[in-house]
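Participant: Below, each chain spelled out in residue letters.
There are 2 protein chains.
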Amino acid sequence: MKIVCSKNFLLNSISTVQKAVTGKTTLPILDGILISGKDNQVSLTATDLDMGIETKMSSDVEVVEEGSVVINSRLFGEIIRKLPDITITIESDNTYNTIITCGKSKFNVVGQDPKDYPELPVINENAMYKIPQDLLKNMIRQTIFATAQDETRPILTGVLFEVKDGVLSMVALDAYRLALRKSNVDLSSNISVVIPGKTLNEVGKILDSSNEEVEITFTPNHILFKVENTRVISRLLEGEFINYRQIIPDEYKLRVKANSKMLLDSIERASLLAKEGKTNLIKMNITNNNMIITSNSQFGNVHEEVPIVLEGNELQIAFNSKYFIDALKIIDEEEVYLEFSSSVSPCLVKTIGSEDYVYLILPVRLIAS
Amino acid sequence: MKIVCSKNFLLNSISTVQKAVTGKTTLPILDGILISGKDNQVSLTATDLDMGIETKMSSDVEVVEEGSVVINSRLFGEIIRKLPDITITIESDNTYNTIITCGKSKFNVVGQDPKDYPELPVINENAMYKIPQDLLKNMIRQTIFATAQDETRPILTGVLFEVKDGVLSMVALDAYRLALRKSNVDLSSNISVVIPGKTLNEVGKILDSSNEEVEITFTPNHILFKVENTRVISRLLEGEFINYRQIIPDEYKLRVKANSKMLLDSIERASLLAKEGKTNLIKMNITNNNMIITSNSQFGNVHEEVPIVLEGNELQIAFNSKYFIDALKIIDEEEVYLEFSSSVSPCLVKTIGSEDYVYLILPVRLIAS
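From first to last, the protein sequence lines are chains H and P. Each residue of the first sequence is one higher than the one before, starting from 1 at the first, in the numbering used here. Each residue of the second sequence is one higher than the one before, starting from 1 at the first, in the numbering used here.
These aren't lab readings, by the way, just hints derived from the structure by calculation. Ideal placement from N, C-alpha and C gives every residue a C-beta, glycine not left out. One should not assume that every hint holds.
Here are the simulated lysine-lysine pairs, DSBU-like style, with alpha carbons at most 35 Å apart [unchecked claim]: (1) H/Lys283 to H/Lys226; (2) H/Lys115 to P/Lys278; (3) H/Lys253 to H/Lys283; (4) P/Lys329 to H/Lys205; (5) H/Lys24 to P/Lys24; (6) P/Lys350 to P/Lys205; (7) H/Lys7 to P/Lys275; (8) P/Lys275 to H/Lys104; (9) P/Lys82 to H/Lys205; (10) P/Lys24 to P/Lys226; (11) H/Lys350 to P/Lys82.
Per the computed footprint, the stretches of chain H lying under chain P, defined by three or more beta-carbons under 8 Å from a beta-carbon of chain P, are [stated by the list, open to error]: (12) 74 to 80; (13) 103 to 112; (14) 261 to 271; (15) 303 to 313.
The shape of chain H in the complex, shown without the other chains:
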């Protein structure tokens, strides 16, 4: 193989596929990147067997001799990063010894046989869903934080991706909270799959904030995201997702309207002392026009007041502040509704003027409050 390409284009491509190199594999070849030159296109591929990323470089490259080789991902990235911003030549012989030359620099790197590199699943790119990149990026950001971090129920480490009657819903939940983000999309066929949180996290980084479309294809076991020249292929999680509709209450007894930023700042401050005391417990005392947020630990106590508009009766309720902070941090709207029923029922956080977000947070039951 012999290819010639520009430094910056190559470096960007390496950064993209490196997201699939976990460094935790027991198969040493998976620490490598597969570099292939064919039909005057250079492609880079990396996989951890759960997720694979392939990116094609078609401009600013020249394939002098077709072929492929596997090079250690970290070493390859470090070498290219340190080279000057001029043309780079990569040439490997039939023992996979690879020579990288650039100006007066010449690296001779031990490569591996591409035949030993696992192939990515072949996916027929037919049944495609198309979503603007910025929309999907936002939907990922606004749900992924609520996935379960421990593996006791593997299905909860993923995000439900459900298309039903032209509405895409993405849902993540753990034992204490749920994040639901909906959007009207131009997708005709219904589907319901669970995508690993790790995959969505990396896809979110690859997506940019343009409204260029990302194309999504499903097979029974896999999902393929196609973003410009990059393809991300991932296993889907097996099993049934929790019936989230049953969890979200339809009614509430009282509703609070508050400024998102003021509420977030107050809860963050209130949790400073709770954090020191190794708990995240905050108490909300909801009265007319005013929400008083307090917390205390052996280090002291905090009293915060947030102006609100209350519909309904007053209420005292306690929460783990982390779950409130996580939800309020990803809300871009200026004002939120908080819907409550009792001190032992979940609180719903919604944005005003849109039904697209719903966050559910379970309260902490206090023995005496």
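Chain H is fixed; fit chain P onto it per the hints.
Facilitator: What follows is chain P alone, placed relative to chain H:
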């Protein structure tokens, strides 16, 4: 005590004194910051007993009631950071319960008795040296990296601060290299002390890049840096520093002139593979007009060429690349001289047109090269 001050001014002052809170103390009160209001000035003090920092706030503050209290440094910093950018009131009672109020936020924090807080050494600010801040900041940056990191010879963890006949020399060295930075200064009395590297590291962060002066006072055991409203007081290291003049050779057999940046880039690339092989060994083959830098490990090998101007004979010599990289990184000048005598003698790195910097690096002896 009751004081009123602006958020940003207070936060900056906390950041300054927090540099003396190590969090590694066995004396719990040293995790605190001493806050004192007196004579309409508020001062913050922190110390780890080796180094103490005190900063005074005289504008944007009001002392309503004189007094003092000790508050946990991390908690105090986090609270102030999270408060809105308006006026903050801090009030402590005679049990050192401290109330911090700001807008609708009210923190009640457990404080400690200021009588238990160790006093900083009293230093008579008479025999003062004055140095522009930017000069001292640079002199610290250009020497401190060469201090010894292990404590087997404690004196080498410090930087020699020597004034002799109007020349200030700062010197740091470990077993493998030496950094010397000189400057003509308007200081009349001679002195030779060793300042802990840790102290200089923090002082370097407090200094800004202006030519406002920092005032330095010595006692037999302590040094005081006064920078605007901040005083840093540190113990000096005890013992004799190594006679560094004996180590630096006066003569050389060959001299290389090279572009600093090109040399640094080439050595960094050459060390990429050496690093992977857990060694930092690079070889330099110095020929007329060209320095060839190579290194190899089980992962491959690198060949770099740097254009040079050579005076003298050709030479092959090997180094730990880290020491070269450390030295070249802090050189601001475009070109450097490298002076050599043999493959087993030290290399001197000097800047062209100034005698102010000298870096000495010991070569690695190779059994066969």
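Participant: Let me make sure I understand: some of the numbered hints might not hold for this structure. Which ones are they, in numerical order?
Facilitator: 1
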